[in-house]
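A.B. asks: Chains as they are written, first to last, in our numbering: chain A, 319 to 682; chain S, 319 to 682; chain G, 319 to 682.
Possibly wrong hints are sitting among the right ones.
Identical copies carry no separate label here, and so any pair may be met within one copy or between two of them.
[Unchecked claim] Straight-line alpha carbon distances no greater than 30 angstroms define the calculated DSBU-like cross-link-like pairs of lysine-lysine that follow:
#1 K540 <-> K489
#2 K535 <-> K417
#3 K336 <-> K540
#4 K336 <-> K417
#5 K388 <-> K535
#6 K678 <-> K535
#7 K674 <-> K345
#8 K336 <-> K674
Note that these hints are calculated values from the structure, not bench results.
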Amino acid sequence: MPVLLAPERAPLLSQLLKAIPGGLVQKVVPGTGQFSDPIVAGLGALPAAGQHEASFIVHPKYLEQLAITKAAAVIVLPEIDELLSQAPVQPAYARVVCKHPYLLYARIAQWFDWARQPAREISVHPSAVVDPTAILASSVTVGPLAVIGARCVIDAMVQIGAGTVLGADVKVGASCVIHPRVAIYDGVQIGARVIVHSGAVLGADGFGFAPDPSLAKGAWGKIPQLGGLVIGNDVEIGANTTIDRGALENTVIEDGVKLDNQIMIAHNCRIGTHTAIAACTAVAGSTTIGARCTIAGAAGIAGHLTICDDVFVSGGTGITTDVTEPGRYTGVFPFATHSEWQRNAAVISQLSVMRKRLRKLERE
Amino acid sequence: MPVLLAPERAPLLSQLLKAIPGGLVQKVVPGTGQFSDPIVAGLGALPAAGQHEASFIVHPKYLEQLAITKAAAVIVLPEIDELLSQAPVQPAYARVVCKHPYLLYARIAQWFDWARQPAREISVHPSAVVDPTAILASSVTVGPLAVIGARCVIDAMVQIGAGTVLGADVKVGASCVIHPRVAIYDGVQIGARVIVHSGAVLGADGFGFAPDPSLAKGAWGKIPQLGGLVIGNDVEIGANTTIDRGALENTVIEDGVKLDNQIMIAHNCRIGTHTAIAACTAVAGSTTIGARCTIAGAAGIAGHLTICDDVFVSGGTGITTDVTEPGRYTGVFPFATHSEWQRNAAVISQLSVMRKRLRKLERE
Amino acid sequence: MPVLLAPERAPLLSQLLKAIPGGLVQKVVPGTGQFSDPIVAGLGALPAAGQHEASFIVHPKYLEQLAITKAAAVIVLPEIDELLSQAPVQPAYARVVCKHPYLLYARIAQWFDWARQPAREISVHPSAVVDPTAILASSVTVGPLAVIGARCVIDAMVQIGAGTVLGADVKVGASCVIHPRVAIYDGVQIGARVIVHSGAVLGADGFGFAPDPSLAKGAWGKIPQLGGLVIGNDVEIGANTTIDRGALENTVIEDGVKLDNQIMIAHNCRIGTHTAIAACTAVAGSTTIGARCTIAGAAGIAGHLTICDDVFVSGGTGITTDVTEPGRYTGVFPFATHSEWQRNAAVISQLSVMRKRLRKLERE
Chain A
319 MPVLLAPERA PLLSQLLKAI PGGLVQKVVP GTGQFSDPIV AGLGALPAAG
369 QHEASFIVHP KYLEQLAITK AAAVIVLPEI DELLSQAPVQ PAYARVVCKH
419 PYLLYARIAQ WFDWARQPAR EISVHPSAVV DPTAILASSV TVGPLAVIGA
469 RCVIDAMVQI GAGTVLGADV KVGASCVIHP RVAIYDGVQI GARVIVHSGA
519 VLGADGFGFA PDPSLAKGAW GKIPQLGGLV IGNDVEIGAN TTIDRGALEN
569 TVIEDGVKLD NQIMIAHNCR IGTHTAIAAC TAVAGSTTIG ARCTIAGAAG
619 IAGHLTICDD VFVSGGTGIT TDVTEPGRYT GVFPFATHSE WQRNAAVISQ
669 LSVMRKRLRK LERE
Chain S
319 MPVLLAPERA PLLSQLLKAI PGGLVQKVVP GTGQFSDPIV AGLGALPAAG
369 QHEASFIVHP KYLEQLAITK AAAVIVLPEI DELLSQAPVQ PAYARVVCKH
419 PYLLYARIAQ WFDWARQPAR EISVHPSAVV DPTAILASSV TVGPLAVIGA
469 RCVIDAMVQI GAGTVLGADV KVGASCVIHP RVAIYDGVQI GARVIVHSGA
519 VLGADGFGFA PDPSLAKGAW GKIPQLGGLV IGNDVEIGAN TTIDRGALEN
569 TVIEDGVKLD NQIMIAHNCR IGTHTAIAAC TAVAGSTTIG ARCTIAGAAG
619 IAGHLTICDD VFVSGGTGIT TDVTEPGRYT GVFPFATHSE WQRNAAVISQ
669 LSVMRKRLRK LERE
Chain G
319 MPVLLAPERA PLLSQLLKAI PGGLVQKVVP GTGQFSDPIV AGLGALPAAG
369 QHEASFIVHP KYLEQLAITK AAAVIVLPEI DELLSQAPVQ PAYARVVCKH
419 PYLLYARIAQ WFDWARQPAR EISVHPSAVV DPTAILASSV TVGPLAVIGA
469 RCVIDAMVQI GAGTVLGADV KVGASCVIHP RVAIYDGVQI GARVIVHSGA
519 VLGADGFGFA PDPSLAKGAW GKIPQLGGLV IGNDVEIGAN TTIDRGALEN
569 TVIEDGVKLD NQIMIAHNCR IGTHTAIAAC TAVAGSTTIG ARCTIAGAAG
619 IAGHLTICDD VFVSGGTGIT TDVTEPGRYT GVFPFATHSE WQRNAAVISQ
669 LSVMRKRLRK LERE
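Only chain A is shown next, with the shape it has when bound in the complex:
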């Protein structure tokens, strides 16, 4: 559905593929008629793509969508191409044969995302409030009503969105995109090519309190959070995600980490390179997560744990001890109809008794 370029500005398929880096394409099978080297003005899902759009198929289970698509070109796996080449009637669309169709789709999407951008005006909007001691590269764009605090250092090509607030002494590396309405506390350090979505809060105080009975029975005294927050290169941080600064040392997000929306990373955590965490997951304080982990949505990782590299945590799973072996870990109560759940959940409170009774029977 999203036609991204007017057809008269759009490339031919052959031109488009020439512009895509990486040598991913094995071969192109021309389509029929107008689709022998079609205009590609955008990308669409198989069922929705129109005659000026390319699409892709990553799995044979979607083959029936292929039968009905109106797309001009489809990226296909070699094995699907082989299937199609043996069909009695050849499909109208052109076939782009590729071992990694999802990656090729990503690269084409990146190309369209770049091609559709209007030339960006490089300017600091006059309504933005930039402290005179802040240092901005000349190619930095600052949106309306953004605030940049004292002694910030903003590197080349950075875009700061409308209404975003940077405290004092914040460092932002080259080519970062900070979307509107982000809050970044004092002293946070951000690498290059980082994307931060709206509503994210970076470097707020960790949750640190010491019981202080001198104030009142049960009262808590605040532990000032003196550490910082350091974010590597190529990180993406989703909307309304929060990452707290460290209590004494730094909270660290390593290179290439991808964080979805509404994630909570507590103080003193370290998230390893290329780890991806889906929405609404919470990581409690002082936990270290290794490299290349995948944490699915709404998971919870307790505090003071170490999770090794290459761990996959399923959605909704709570991790409560160290994980020392790569692999997939899960722990969710299976859902059922409410009445079935009532029957079975009631037995949970008797499990240890049931085990004893079972043992007793076995001994008899």
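Got chain A; can you put chains S and G on it based on the hints?
C.D. replies: Only chains S and G this time, still in chain A's reference frame:
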């Protein structure tokens, strides 16, 4: 407790009920003394309502609160009215008899909410930054330091709160209320009479990445999110809720959907008409939820699922497969004292073995 | 690692301890050489602290870190001091002996946090939009592009961060720190010394709807939220946390409550004094939580419940009934490898049948 109007500006009960649409009231039983047709200056809960306030009772289990209330008038079910009419001493308060007391209370609250509003000044605050290419109906109110991007179209009677940021090409239908500090990304389309609370982020990028080993082992390449976000009429969106734009096609929130705070709706989802979702629920990508569903708080719906119409998901429940039958679904681990939990949870890891041992005993 | 003061501005250990209130220190054992009364320019964790920093040890399990620390001084429990005093070689660092090392650390961190602050300029930034009817004490600081609505009353020494929006009739008590980009709705009342972090939304509408079939099948009519939100003294509210206003009466957060990030407190709740709630916990509507409770992260408390004083809820636990006895409560599905989980979770749906089969065997 909330007296919303000064008593001298407040209506008599009879005047108030005349102003409420819908023919909900069956009859009014006058109270005693000053409450024969009392002044109603506000609404209160039964235990807290004062002599200038109306209250309501939706269930006989609250009858004892009725004995002590100081309210001037109480909305009651017909069966409660009958009980009361047979009592030896008639209560002081007036009784408004109605089959749907909760709905009548909602309508009276709506009346007071309207009556207490000061006349709203229609104006674009001089500190707001409105792109000259944006089109605002003359009855639009824009708060201080709001930002409205290029080519936005804002329909009649819309209120945009202070510090809210609209990207480019955003459409907002008539009579919407966008509260302060909302972020709306480029191209988001919003229907009429939609309410968006502070901190909501609409149309941020979905979480889309393709493994790209050419960058580094385990590295992710960004998939630009080229789809949009379309929100129907009469939707309400809670504080700090995030709804992502689609990857290729649109994320769609249909008419009448009500979303509480801190909800996450991932890219490519479709939420059906009049579905209500309570706080902190997460819906993963490409999931379709039917019409008139109720999802309680902190639930999680996995991605690529279809939930049919009229499904009720209990709080904290994780839905991991399609739901094809209306009804209530639940799946939470029942809580207990920690020591009891320790005893019983330990048995979980032996359940499949226990089942085998049980079978063996049965065969013997 | 965080050296907070230049060594030439930093105090000697003896001077520092004199500045700390509370008589917490039992004795000081001088270190060797330059550490007999060392300069203390900051605080660090044991493994990271340098020669100008103090550190602390709260538990004997960290004794091995003590062997390698380079800290100038370490806060130790009396029993650890005794161990050390019997060692053949005395450590280089000075020992500050104290029964409550964590509290002493908190107090020293507070001192450094105060000492490192540059003198704060008291001023209302010219870009802030302050309604002429708002009343601000002369010692109030208002950041750039903040918005303060009509008839707000802001007490002495309050700091309002950049981009924060206060609606009309908001009251903020003395010495509060409202960080940048907070949204506070009309009429919210905040006590003294409250800290609110970025992205928090205070006083948005509760999630209240009445089924209104007159609009459409399954449609919801809005119940205006006429109550308020009252926050006591010494409360801390984390980043992106949301607390809704009451439907009729007030939502109440009592004195000394500490709320972490991304917490959701629904309408009509009351949270008792000194209760601490960790990140991502959700409390549904009309629930009352007692004093001195500790709710760990990602817990969920259902609506219309009463939790008594001194309750500890474990992380990820869903509380679904009243809790009337102090103690620790837990309810999470234990995680395992995915394949183990598959085997055991599948048995959950047969638990009630298994119990019956067990009974039958026992009777035989």
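A.B. asks: With reference to the structure, classify each hint as holding or not holding.
C.D. replies: Quick rundown of the hints versus the structure:
1. K540 <-> K489: both (27 angstroms within a copy, 23 angstroms between copies)
2. K535 <-> K417: between (65 angstroms within a copy, 18 angstroms between copies)
3. K336 <-> K540: Cα proximity of K336 and K540: across copies only (20 angstroms, versus 59 angstroms in one copy).
4. K336 <-> K417: within (17 angstroms within a copy, 70 angstroms between copies)
5. K388 <-> K535: neither (71 angstroms within a copy, 36 angstroms between copies)
6. K678 <-> K535: neither (49 angstroms within a copy, 53 angstroms between copies)
7. K674 <-> K345: Classified as neither; 65 angstroms inside a copy, 54 angstroms across copies.
8. K336 <-> K674: Result: close neither inside a copy nor across copies, 69 angstroms intra and 60 angstroms inter.
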